[in-house]
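Participant: What follows is each chain in one-letter form.
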Amino acid sequence: MVHNVKHMARANTALQLGEFEQLVLLALVRLGPDAYGATIRRDIEARTGRDLAISAVYVTLDRLETKGLVRSRVGEPTPQRGGRRRKHVTLLPEGRRAIAQACRAFQLMTEGLRLV
Amino acid sequence: MPPRLAIWLAGLRWASEEREYLLGDLEEEFVERTTHLGLAAARRWYWRQALRSLLMRRPSRFVQPHIQTENPPMSHLGSDVRFATRLLRRSPGFTAVVTLTLALGIGATTAIFSVVHAALLKPLPFKDPQGIVNPLNGTNVTDANGLSYPQLRRWREYQVFDALAGYFNWGASIGGAAEAEYLQGIRTSASLFSILGVQPVVGRLFTEAEESFATERVVLISESLWRRAFNADPNIHGRRIVLNDQPFTIVGVLPGWFRRVRPNDPGWDLVGPLRLTEKNAPASLRFMRTVARLKPEQSLAVAQEQLQAAALREAPDANLPPPRVVVLPLREGIVSDSRAVLLGLLGAVGFLLLITCANLANLLLARAIGRRREIAVRLAVGADRRRIVSQLLTESVMLSVAGGAGGLLIAWLVVRAAGSLPALTAAGVYDLTLSWPVLVFSVLLTLAIGVLFGMAPALRAGSAPVTADLRDGTRVAAGGDRLRQGLVVGEVALTLMLLAGAGLLGRSLMKLLDVDKGFSGESVMTFRVSTAGNRYPAAADWTRYFESVMDRVSTIAGVEAVGLTSEFPLADSDTNGGVLIDGREFPPGERPMAQKRIVSPGYFAAMGIPIRRGRDFLRTDTTTAPPVIVISEAFAARWFAGEEAIGKRIAFNWDMDGFQTIVGVVPDLKHNGLDDPPTPAIYVSFAQRADSSFHVAIKTSVPPESLMPAVRGELKAIDPNLPIRGLRTMDTLITASLGARRLSLDVVGAFAAIGLLLAATGIFGVVNHTAQQRTREFGIRLALGAERRSVIGLVMRQAIGLAVVGLAIGVAGVLALGSIIRAQLFGVEPSDPVTLAAVCGALLATALLAGYSPARRAVRTNPANVLREG
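Each protein sequence line maps, in turn, to chains A and B. Counting in my numbering, the first sequence runs from 1 upward without gaps. Counting in my numbering, the second sequence runs from 1 upward without gaps.
None of these hints come from the bench; they were simulated from the model. Predicted, not measured: the structure shown is a model, and the values here were computed from it. Among the hints, erroneous ones may be present.
Said to hold, decoys possible - Mimicking EDC-like on lysine to aspartate or glutamate, the simulated pairs with C-alpha atoms at most 20 Å apart in a straight line are:
id	chain 1	residue 1	chain 2	residue 2
1	B	Lys279	B	Asp265
2	B	Lys511	B	Glu522
3	B	Lys127	B	Asp162
4	B	Lys716	B	Asp551
5	A	Lys87	B	Glu32
6	A	Lys87	B	Glu17
Based on the sequences and whatever the hints tell you, model everything.
Facilitator: Next comes the structure, spelled out in structure tokens:
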């Protein structure tokens, strides 16, 4: 019973990825296993032209981790960071599946449409 | 390195680990952006990031991590605020009354203190203001008067000060303008600028050499005149202009902030060098005001000693008492008159703040008592006491914040509206701004009271057994009642003192307005015209001009009488000096003194000054006729007691030769203020003692202002180049002379009214509460046949009791503190029984009114219902 509820929740989250969650996941696909907050923020900013808050990236990463779509590990402190450590984020297979599903849905929906 | 504050803000809402990663990312990018886009852009970007991190809406599990920890103090802030908002909205009356009470108390305190601060504490707007002093003739601030020109020169030679400057009022009409305009200004020593720290914005200041009579005429103009009349021409220096028919060279433009030394000086547009000689400014004319700068390390007392010693070393005039000098701090000369008024207002607003606090405490206590049962229930069902405390705290803080915001608004409005009141500039206020420290102080004070009394039930719940409150919470009179009664008594006492103050000030004002001024001044307007300049070189020219002014103005329909005077009553100026009496000798220091005024035939009639004995001046009293003089009753009483003054001969002794025969006696005028003591005065005719400048007094049978265009027209027809100035009606002069008193009365009166209102709500609250608690008892009484009237009496007795105790304390307070206000009173004693009785009556009536509605409600309850409920 409990397992069922959990499963349903998973299935739902996969379908209910927010727009910003999708962007973060796509950035993670592109950046590979060594991505972290700043690189994700910059990648999205550079591609979409949005002025992005780092806090928004962290809030989203946190949610994605709760949903089991990404995993994080802590790196070593570096001087450019004022001696602070870095938190690397890796896409989990579950996350890859979710974003693939979202993209597919998007493709299906946009096929043959002339929007502009 | 990014801005420290921004770093702190960016990390504020994050748990420590998450904060490390986030700040690390930000710093990494900051470093990169600094190299590519520059430091400023990088900092801007960092700030934006920090603020967005601070304001982010979607929480993550890393945000505010203490939510997960045990019983955090602030974690329920959101829900507490929502709950408190709901509660406060449910009792809008309570919320409104508390907020308004707080706002009035905080706002009034802040506004009044802002005024006191601006007048008494704020540094004067000059360079190193503590080193600037005011050396004068006299022994203290009340009898100090100005310097003569020879004195100024001698005092400078003593070398007591770093620099000493003398200045005096001057004014001129500027030539070539379409409408003749009179510009106010001063003539001054060049050292004035270095003493006050004035630098020109264009051109240069004038030099000490240019003070001499022999040099070319130069003048400095105000920034305002520069913009107004010269289009802010940057090359204005060197431009030649005509002032009073004389050519002057503009050498520079003064900075915009410098238009006055004292706050009530008119804004100066022209500042010229002294250009005096001992001949045109002899030692008998003490007309100069001063400022001086102390030497470094020199104290005021030492300066005064040195100056006094030097003055005594001078060869003394055997006919005069030894010279006395006094050195005052600049501020002292400015605020001496108003200090008592300002401190009185500060005291009054202190009382108001106390009343506010008492009322607030009372309201909150009443609410707390009412909620005791609710809290007991919550505790009984297992609520955490800390949660209840934090919730009550939130409520108190929210009320205080709302009240504080209201207070800020009130204070801001008052400061904005009052900033330019003449009464305030006269009181020594250069620039009125909000006093933030006081605002914070009042908010904190009320906050403390709010917290203390708002949390009473929660704190009490800690000590008392919950079951007692659960059982009796709604019914039994509590210990808080005694405290509330005490608070109400205090409110009544303080209100009585404010009311008494307002009453005494009000009675003083009425007595002043009722005083015999010596003149009626009804429907009189006045202005001043000066013939200074080349076109009126001789005394005969002046007289001819003013004669035609009187002739032409008197032909205007609606003009009843026209006259001239050298000194107009209540216009802040006067001239006095020694007088000789034919056939009498006086030892030095006992020679007769009098106020000296030059007037014209028709002046006494225009001003409504009755001729007590003898006759008025006539048009025939000219230079070819025998010289005549009119004296005031005080002069007659002092020097001709018991004998007939008419026909005696005295000497005006001011630019007039020989003796003049007394032909008339007029009443003493309230010349310098309605509270003036009677001063001896003497009058001569303008046709026998010419002058170049006069006040014109016009008595009309229609509203005086309506004739002004016609008057202007007649003057223009005589000479379009002579501007009129200081146009005022007698009524406005009388009002202005009462300025400080009026302000005092208005402010204290307003405070008293607020106090009365608050005391009334206090009494109402307490009596209502008691009446509700005794509903059952009243029901039984009524059921047993008691008359309604007697039950009403029972309730009212409490209201009267509270009021009477408060009145007794208040009256004692008035009697004890009365001497403080004495200086501001006129014709009444601080213990004036009429005022005290009236004030007590008013308060008692208010108490009765406040107690009546609870009393009515008490008897309106149906005994049967009450008994059934019980």
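Participant: The structure should be examined with respect to each hint, and the outcome stated for every one.
Facilitator: Against the structure, the hints come out as follows:
1. With a C-alpha separation of about 28 Å, the suggested pair Lys279 (chain B) and Asp265 (chain B) falls outside the 20 Å cut-off, and the hint is violated.
2. Distance hint between Lys511 (chain B) and Glu522 (chain B) is fulfilled; the C-alpha atoms sit about 18 Å from each other, no more than 20 Å.
3. Simply put, Lys127 (chain B) and Asp162 (chain B) have alpha-carbon atoms about 14 Å apart, close enough for the 20 Å limit, and the pair holds.
4. A hinted pair counts as satisfied when its Cα atoms are at most 20 Å apart, and Lys716 (chain B) with Asp551 (chain B) qualifies at roughly 14 Å.
5. Proposed proximity of Lys87 (chain A) and Glu32 (chain B) is supported: the alpha carbons are some 19 Å apart, at most 20 Å.
6. Straight-line distance between C-alpha atoms of Lys87 (chain A) and Glu17 (chain B) comes to about 10 Å, which keeps the hinted pair within the 20 Å bound.
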